[in-house]
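Quick note, the sequences are listed as chains C and B, same order.
Start counting the first sequence at 47; every next residue gets the next number (the numbering used here).
Start counting the second sequence at 938; every next residue gets the next number (the numbering used here).
These are computed hints drawn from the structure, not numbers from a lab.
Be careful, since some hints might not be right.
[Unchecked claim] Short derived list, chain B residues pointing at chain C, Cβ under 7 Å:
1) Ala955
2) Ala1206
3) Gly1207
4) Gln1470
5) Pro1471
[Claimed, not checked] Just some of the chain B residues that point at chain C, by a computed CB distance under 8 Å:
6) Asp940
7) Lys943
8) Leu966
9) Ala1567
Idealized CB from N, CA, C, for every residue including glycine.
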Amino acid sequence: MAEIRFILNGAETVVNEDPTMRLLDVLRDLMGLTGAKEGCGEGECGACSVLVDHDIVNSCIMPLGNAAGRDIMTIEEFSKTERYNVISRAYEDAGAVQCGFCIPGMIIATESLLNKNPHPSEIEIRDGLSGNLCRCTGYNMIVKAIQLAAERGDGLW
Amino acid sequence: MSDISKSIPKSDSAGKIAGETIYIGDMVLDDMLHAMTLRSVHAKARIKSIRLPEMPEGYFIVDHRDIPGDNCVNIIFDDMPVFADGKVNYIGEPILLAAGPKRKKVKEIIDSIEVEYEPSEPVFGYSKSVVHHEFEKGDAASVFCKAERIIKGSYSTGYQEHIYMEPQGVIGLYEDNKTTVIGSMQCPYYIKNAVVRTLGTGQENVRVIQAATGGAFGGKEEFPSLMGCQAAVAANKTGKPIKLIYERTEDIETTTKRHPSRIDFEAAAGEDGSIEALRVRVFLDSGAYIGLSGVVLQRAMIAASGVYTISNLSVSGDVYETNTVPNGAFRGFGAPQMFFAIEMFIHHFAIETGQDPLALRKRHLASMGDPTSTGGTFRDPIIMGDMIQKAIDMSGYDEKIAEYSKPGDHRGIGMSWVLHGCGFTGSGEQKHIKAVVRLRKEKDDMVTILAANTEMGQGAMTTLRKIAAGVLGIPIEKVIYNNPDTDLVPDSGPTVASRTVMIVGGLIARAARQLKEKWVPGKEILVEERYRQPDYIEWDEDKLRGDAYPAYSWGVNVVEVEVSPVTYEVDLKGIWAVYDIGKAIDERIIIGQAEGGLSQGISYGMTEVMECREGRIQQRNMTDYIIPTAGDCIPMEIVIMDNPYPLGPYGAKGAGELPLVGGAPAVALAIENAIGKRIDRIPATPEYIMELMENG
């Protein structure tokens, strides 16, 4: 057990737990934040993506100990932002959502990508999504959604 | 609504994007126990003894002795136990559940259970036939007797794993003499019927509720019945909610997959170069239990002549039992194996007889009025001629195939033609499913669709609401479709077999017409419709004769590749497809189905390797079992034709499976064109291409 301090969705947070506990379990089981999903449990699929210091991280392979002092944002908090509104509208309009299980992770990947590169090329978008698997769509509508978001949200990133 | 096909926002997208949609893994109930499964480590063995650790307070073991009814999962063929009883037939077969408040502790209990096995010789390969079917059309035997030239081919296909992003999961509950199963599923009534039988109880004592389902592709057709029964038995024993969620490795190793197959052809060449007679033999590996493999075999066999009319046909097939993880439903249901085989074979036949493959294929292409493989009739207009031309024009197929066929060119292009029978095979809808749907109008004039079909990403919720709203002439916001709950909705059948829009949507459209006639504002009205098979459909279930399907969807797929001459890696360069699904109820949803399905079909043909050695699955996680990433996929150009089917709602036929079916043969033919070597198995991986290039 150890006392781990970090910022979670804007709030100072202290967790007294085994530092090897997966961040994903901390979020889902201790905090009740179920937007991040477990698709593979080994850092392959990206369904568990969260923003750590505004960079995309697979929370299923990040031990709680590594969260100490970091700023963590999940889909629950990101969905309150203006950037989210633009991204979510773009996903809806592009028809990018099928079963939805990968989508919160995809939204986090989209934010992480656009934050670094507000006007990505198609290749850069595909690269930026390569850590997030989707089995339903064949990705083209997701790529389209990100292109739409980048275009409509010009100036937001 | 001017044109039904015009896309609208999907009903379920907003919650999914925000992460607010609750999947089964997100659900937490008071006093809930976590369950895990103890599994066989032998492919075939007798269980001599099981030694349990001392159980801490509040932890339970649940096994076959706790089953009040039949220890059998109610699938089509009743051979799979809910929990192993004294013997195991595959590695990973469930023996018992351990359940308790802390997952970590449950895992410790599972790890400390000692099972003593007496292993015996397992069966692998195509040796133990457990189901056999055959049918004839014309008189193939006498054509073969006189044939001057017989061309042969043998094709094999590997496993395919669904990799729905959400692993399998259910929660079982027991309250007031009623057992409830909530979970990720395609077929609530399959689970209900299975649980009723396993608990040995009445229909009124079991309730099944679908949770948001994170992808299925057939993988959540029959498999969740097993987990549902286990969770139900555990909930009844403990009196507490039981949550049974698979981890990915467990899901990959122990759930159903697409059947590996071998398909052999012999064709008698006529003097004019046509295929006068075709003999087809199908081998399917069912794994340890038959389940629905016999039906998968039938669908594969019925597709034996592909989209071609061949007058003399002799088809036989067997399901072989092996001591491996049971195989089951997967988008396409036997057709992807057969279409890979027949599309390759007709090409190889043409090349061996010195003909242009495209010309031979066009010559045999089925037309309206032709007899089907099983002696039924293609009753509706077939517009494949137009579709093929469109695909050729879009892709530049003619010029490319000429150029890429030159020696030393590493590029290739391939085209596949497919059909997919919509709905259950034969009289399945009429005899077995007997679908019922209801519409209920409330006093506030909101209309709820009461049907058991599930949204699993394919857009059922939006599409079915759109049909009802369109017929009623009311805004779509006035139509409600909730995740099915068997206490609230009638059995409209499973969400499988490309039947949801054509069959269930058709019933909803009929119910909506009935409601429209009876419509009185401010009054509660309930209407019901039941499935009626068109009178002209005749099907002999034993002999496999007659109209196997009421309607067919059609597709043309073109794939262009470049194969590295150094690493033999295959890069996709272009993908084009043209589909006739009658009428798109929502064009963007259909394009989504097309792109996702075709992508799965192409990677089935070139990427997705799963092997089983001595009964053990070798690719145990998503690092080993590769599905395409965004970087592996490329834009697709897809055209949806308008060819309304008179009995479908707004003219719609089935669409969910069709795009997958043609992916593998299109990419395999493209690779074949690129490397100039004959491909007779999938996936066509770089290793296999290297083998072909280096060994001739």
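Among the hints numbered above, which are violated by the structure, and what are their numbers in rising order?
2, 3, 4, 5, 6, 7 and 8
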